[in-house]
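Listed below are the residues making up each chain.
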Amino acid sequence: MSTEPLLTVTGLTKHFPIRKGLLQRQVGAVQAVDDVTFDVAKGETLAIVGESGCGKTTTGRMITRLLEPTAGTILFDGRDITHLSTGQLRPLRRDVQMIFQDPYNSLNPRHTVGTIVGAPYRIQGIKTEHGIKRAVQDTLELVGLNPEHYNRYPHEFSGGQRQRIGIARSLALKPKLIVADEPVSALDVSIQAQVINLLEDLQSELGLTYVVIAHDLSVVRHMSDRVGVMYLGNLVEIGDRMSVYTTPRHPYTKALLSAVPIPDTARRQNRERIRLVGDVPSPIDPPAGCRFHTRCWKATEVCKSEVPKLVEFAPGHRAACHHPEVPGEQAEVAPDGTAISPFASPDLIEP
Amino acid sequence: MSQMRESTPASTTSTVGLGGIGTRADDVFLSVRDLRVHFPTDDGLVKSVDGLSFDLRRGQTLGIVGESGSGKSVTSMAIMGLHKPDSVQMAGSINLGGTELVGASPELVRSLRGKRMAMIFQDPLSAMHPFYTVGAQIIEAYQVHNKVSKKVARDHAIDMLGRVGIPQPAKRVDDYPHQFSGGMRQRAMIAMALSCDPDLLIADEPTTALDVTVQAQILDLIRDLQRDFDAAVIVITHDLGVVAELADDILVMYAGRSVEYSTAEDIFRRPQHPYTWGLLGSMPRLDREPTDRLMPIKGTPPSLIQVPPGCPFSPRCTFTDRVGAACRQERPPFSDSGARHYVACHLAMPERQKLWTEQIEPNL
Chain A
1 MSTEPLLTVT
11 GLTKHFPIRK
21 GLLQRQVGAV
31 QAVDDVTFDV
41 AKGETLAIVG
51 ESGCGKTTTG
61 RMITRLLEPT
71 AGTILFDGRD
81 ITHLSTGQLR
91 PLRRDVQMIF
101 QDPYNSLNPR
111 HTVGTIVGAP
121 YRIQGIKTEH
131 GIKRAVQDTL
141 ELVGLNPEHY
151 NRYPHEFSGG
161 QRQRIGIARS
171 LALKPKLIVA
181 DEPVSALDVS
191 IQAQVINLLE
201 DLQSELGLTY
211 VVIAHDLSVV
221 RHMSDRVGVM
231 YLGNLVEIGD
241 RMSVYTTPRH
251 PYTKALLSAV
261 PIPDTARRQN
271 RERIRLVGDV
281 PSPIDPPAGC
291 RFHTRCWKAT
301 EVCKSEVPKL
311 VEFAPGHRAA
321 CHHPEVPGEQ
331 AEVAPDGTAI
341 SPFASPDLIE
351 P
Chain C
1 MSQMRESTPA
11 STTSTVGLGG
21 IGTRADDVFL
31 SVRDLRVHFP
41 TDDGLVKSVD
51 GLSFDLRRGQ
61 TLGIVGESGS
71 GKSVTSMAIM
81 GLHKPDSVQM
91 AGSINLGGTE
101 LVGASPELVR
111 SLRGKRMAMI
121 FQDPLSAMHP
131 FYTVGAQIIE
141 AYQVHNKVSK
151 KVARDHAIDM
161 LGRVGIPQPA
171 KRVDDYPHQF
181 SGGMRQRAMI
191 AMALSCDPDL
201 LIADEPTTAL
211 DVTVQAQILD
221 LIRDLQRDFD
231 AAVIVITHDL
241 GVVAELADDI
251 LVMYAGRSVE
261 YSTAEDIFRR
271 PQHPYTWGLL
281 GSMPRLDREP
291 TDRLMPIKGT
301 PPSLIQVPPG
311 CPFSPRCTFT
321 DRVGAACRQE
331 RPPFSDSGAR
341 HYVACHLAMP
351 ERQKLWTEQI
361 EPNL
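Chains as they are written, first to last, in our numbering: chain A, 1 to 351; chain C, 1 to 364.
FYI, nobody ran anything at the bench for these hints, they're computed from the structure.
Being a predicted model, the structure only gives us computed values, none of them experimental.
Glycine is no exception: its CB is placed at the ideal position from the N, C-alpha and C atoms.
Hints may contain errors.
Using C-beta positions, here's what the derived DEER-type ranges look like [said to hold, decoys possible]:
#: 1; chain 1: C; residue 1: A348; chain 2: A; residue 2: R94; range: 55 to 61 Å
#: 2; chain 1: C; residue 1: L125; chain 2: A; residue 2: Y153; range: 55 to 61 Å
#: 3; chain 1: C; residue 1: Y176; chain 2: A; residue 2: K127; range: 43 to 49 Å
#: 4; chain 1: A; residue 1: G207; chain 2: C; residue 2: T208; range: 31 to 37 Å
#: 5; chain 1: C; residue 1: K298; chain 2: A; residue 2: G316; range: 18 to 24 Å
#: 6; chain 1: A; residue 1: N108; chain 2: C; residue 2: D155; range: 31 to 37 Å
#: 7; chain 1: A; residue 1: T73; chain 2: C; residue 2: G59; range: 57 to 63 Å
#: 8; chain 1: A; residue 1: T73; chain 2: C; residue 2: Q179; range: 19 to 25 Å
#: 9; chain 1: A; residue 1: S305; chain 2: C; residue 2: R110; range: 55 to 61 Å
Chain C with its partners taken away, still in its complex shape (with noise of 0.2 Å):
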């Protein structure tokens, strides 16, 4: 692992193409650039994610938000591998750690997932084989990168579930899933996940199938582990609670494209997207004084096959009368409006400070 960090090559300190994030530094450990992930079908090309640049730090969190059909999921499946090469068309960059991943052979990713990056699925039942031991699983991802006996394997994979807080690791190790809770469950495949000490951990909706009280303590186990394996970790879902609660970063998807990436603290601080700004106004919080009426956002996301020309939330945006025909032409360039606050939107900033402090925080 170390051999390969050190063998990065200088050349990946280059930006590539487009994507309006500048020069990548040199600690960033995944960093994803003008991503493409296009998939023919009958009916079009749909085209989940279409452009998408990010950066991620060993030891960070990061957030990525978005509704259903937004290419969250699209991208951490890009990022693991996890598309049939056949059925799927990819373009741009996907460096971890040196490694370029688009147009990697599939026996390199092979060799990457599991031990450099690993997964954390939504649903624990339909992720983890009914067939098999819980250990078992556990025991077969540590056997395919460490060459030790079973026993050590075994040992580790007991080691592993008393981590992530499982009760009587010893004993529960020899249990099917189906004979765990649901919390349990999503336990028990947070253990499979970091049982090689992967640098990336992505998770996929990891509470949404949780109860409140269950998801807090996912949420705080996720926290921890984080700490203690100092791995970078992807954070993908539709809940902005979740996102507050655990990320350092936040990138809010739409259509397939990055609308806003800044830190935690401006995107729900200081957001500049109208998007953003819907999401805020859609959900009721408990933390605010109840309102009488949400402001929802108006209209439905946009077909992925015909994905509207120029900025692809301009149909349900309230603003593009002061910018005029820009936004249902030009695609808005994804540029940084100051200390790494990127934005996609044809509005000037000044005005989109503005909007923010003057007409939609205080409606919130």
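So here's chain A without its partners, still in its complex pose (with noise of 0.2 Å):
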């Protein structure tokens, strides 16, 4: 794995407007996607792992430049991809391709899989040694499907096979980068295996680099190398994965990994539970300083006025808080874990 970054991403804003009225008038927006920054090395893996609304989605589909950001830059292989045209955009595509959540939405039902994995080869007017034909049935074996299938629809393959047709069809034209966005919480528990262990083959055989957006965190300590956690819109952590996993630095982080019910009965008695109260405000009007301060145990009044930095904790490994945890430390909360922000909105706590 080499150092060098493949993806640079500064200061990645998008705010979807509002607007109301006659004259369509923006009213407000939503900030789905707030100075988020980080980067990706070459044929690593890094994971952005969240709750809903946080973003992670957002933020792989700016990567990807299928949403344009309102703020930020994003460099790609040294260059700036932020503001590309669509016909600028389309070399690009060549070497970013996304995985999509759901097999059965974004699959046309009326295409074949030849015609669906062979897309990418027409689009891009790319001439193959063999022909199209020889060259998606290849990527089909690739990714574990029979080369027979080429004439098949969609609905004849169940949905960890569908899955395979959607990572052979971003495999295609042979791409450097991956955003897959929740590759495998649409699948069963047995399927998912097959595919995070295909995607980690896939890894190694191709030289793939990944950014992986879930939010399972078991499946995302398994197959990242770094992790990221966002929230509400914020990069609160990133960090090495068994740094953020051991040490979490951010309480949300913190609070986040207590809350993974752990399929094992002996150990529901004896671990460290932190249970946030409430629900993720609104990214229309989100608080100011601090964002997770209605949330936050340990919020003080530097919370709710500054926004906190990034500061790094160890080699890569930073997180934003004016009140870290420190590795050891039990979290103050009340003993069945109930964890309440002294800023909560008072309709929280009133019974």
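Two chains, two frames, some hints: make the complex.
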């Protein structure tokens, strides 16, 4: 793995305008992603985790330029791709591909597998040595499908096989970077493991770089080299996977990890539990200062007013918090794990 | 309610047919024996549930685990009487506190639904009516089973919303479902299900649609409420982590059949069925050192129209060569391997235990 970054994202921001009235005047914005900075080295897997609405999918869609950022820059292989036009983007699509979450909606039901996986060649006007059909069949074989599936339609396949078709389509042009948005969350456990193993095999065979967007923390730890944790549009923590999982520095990461149900009855008693109260606030009007302060049990006045900066705690391990966790320290929460912020909305505390 | 319990005829203590599970104990509240739920379709008979047996005591939680298409939800809907009578073929026995539900009249099942058994659905947004306030929906359910004034029912609804942890229940009772967040909506649905103090609560994937921090809140809530209400609870899920948090007993289903059934402790510590091993090997786990590779189950689940003969798991099982032809020809009996641990597998018990301790567990 080289340390040279393939992708560098700086200050990435996406605000979706909310328009109202006859003149469609902008009355506000959904601040989906705000000032996100990270880079991805060649050959590594960066996972972005967070709960729904944290902006992880929007971030992925900006990297692949399915969305245009409101602010910030995206450098891919040293080239600024932040504001490329549709025409300028086309050559980029050979290098950056996406795997979608839902293998049922992301494949055209009226197209055969051959048409779906062959589309990248046709669109890019690529001539292959033995014709497109042969190239498609090779790709199908690579992802563990039978080359004879060429003339079949998506509905003839199971969920796991469809996800393989989606993976084959993204691999067709031998891209450098693949953004996988929840690649296994729609699949059953036994099939999920097959697809995770396939993605890992392909990475080592083809030297791919992955940005994996997921909400399942166990899957993320298994697949990634580095992990970025997002909360309400902000990147709150990023670092090496073992460093983040064993010594989380941001209280949110700690709470998130403690909430994962562990499939072992013996462990349900003696683990530290932090139970956050309430829900994620609206990204239309996010809390000032640290966006997590309305749910953070450690919040003080400074959290309310000042946006915390990402600070490095260990090589490559950064977190944005005014009161970072100290490794080994128990969280000061109620015995049942309930963690309430001093700034929680009064409705939450009132019985 | 107590009348019904007293009127339990003595005959229900005998077993009904197959299934391998022995005589019903007297304190068993829900008893399912050799349940079969088949759907005739143009392509053939879909055997969604094909020979399922389990028992549930009051105050206990049973976790039903399986992948999509294993028949978990079809089972819960059969218990609740939610299948259309003209499109389903049901056989076997579902005995709820002395009342037989298979073949019962729709009127009888309707009178039990809500009052004696209630259900929490996976997606609260589609399970609640968007046109009525949350309060109105709880009030309606309560008034069906209780002859009380609207005022009393409303107070009860507010009380229930408060008990499931909805802040300012007196105000939120008049909100519509879309005004609630996902976690709040699931709480409101639990309040609705518990409003008539049911004896049996079925939670079908109660947290699948929720984020992990909210999931933890809802799992805590279900556990606390079960203690308060002393209900029997069935949790249906594909997530082994969720059942480990909640369940006393676990039933593992595959292709409409029960393959393993025991205490949660035994299922996680001493599992004996190759499918359960496969599920455990497929999951990346936070409580263990990270492994390089997961051990997936090869292949895909079978079609329920053409379930493989013999053991339905045999085409995906890596141990069939140790048994021979029986796996593909004979349906394995669902038998007790000792200490209430039921397994449907042709492998001999000592061999299964040896495989688990020597081959499977060290590699997890």
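The hints, checked one at a time:
1. Between A348/C and R94/A the beta carbon distance is about 57 Å. The supplied range of 55 to 61 Å therefore holds.
2. At about 31 Å, the beta-carbon gap between L125/C and Y153/A misses the expected band of 55 to 61 Å.
3. Here the CB-CB span from Y176/C to K127/A is close to 58 Å, at odds with the stated 43 to 49 Å.
4. The hint said 31 to 37 Å for the Cβ distance between G207/A and T208/C, and at roughly 36 Å that hint holds.
5. Hint check: K298/C to G316/A, Cβ distance near 37 Å, so the stated range 18 to 24 Å is violated.
6. For the pair N108/A and D155/C, the supplied restraint of 31 to 37 Å is violated, since their beta-carbon distance comes to about 54 Å.
7. Judged by the Cβ atoms, the range 57 to 63 Å given for T73/A and G59/C holds: they are separated by roughly 60 Å.
8. For the hinted restraint 19 to 25 Å between T73/A and Q179/C, the CB-CB distance of approximately 39 Å leaves it violated.
9. For the pair S305/A and R110/C, the supplied restraint of 55 to 61 Å holds, since their beta-carbon distance comes to about 58 Å.
Of the numbered hints stated above, those contradicted by the structure are hints 2, 3, 5, 6 and 8, listed in ascending order.
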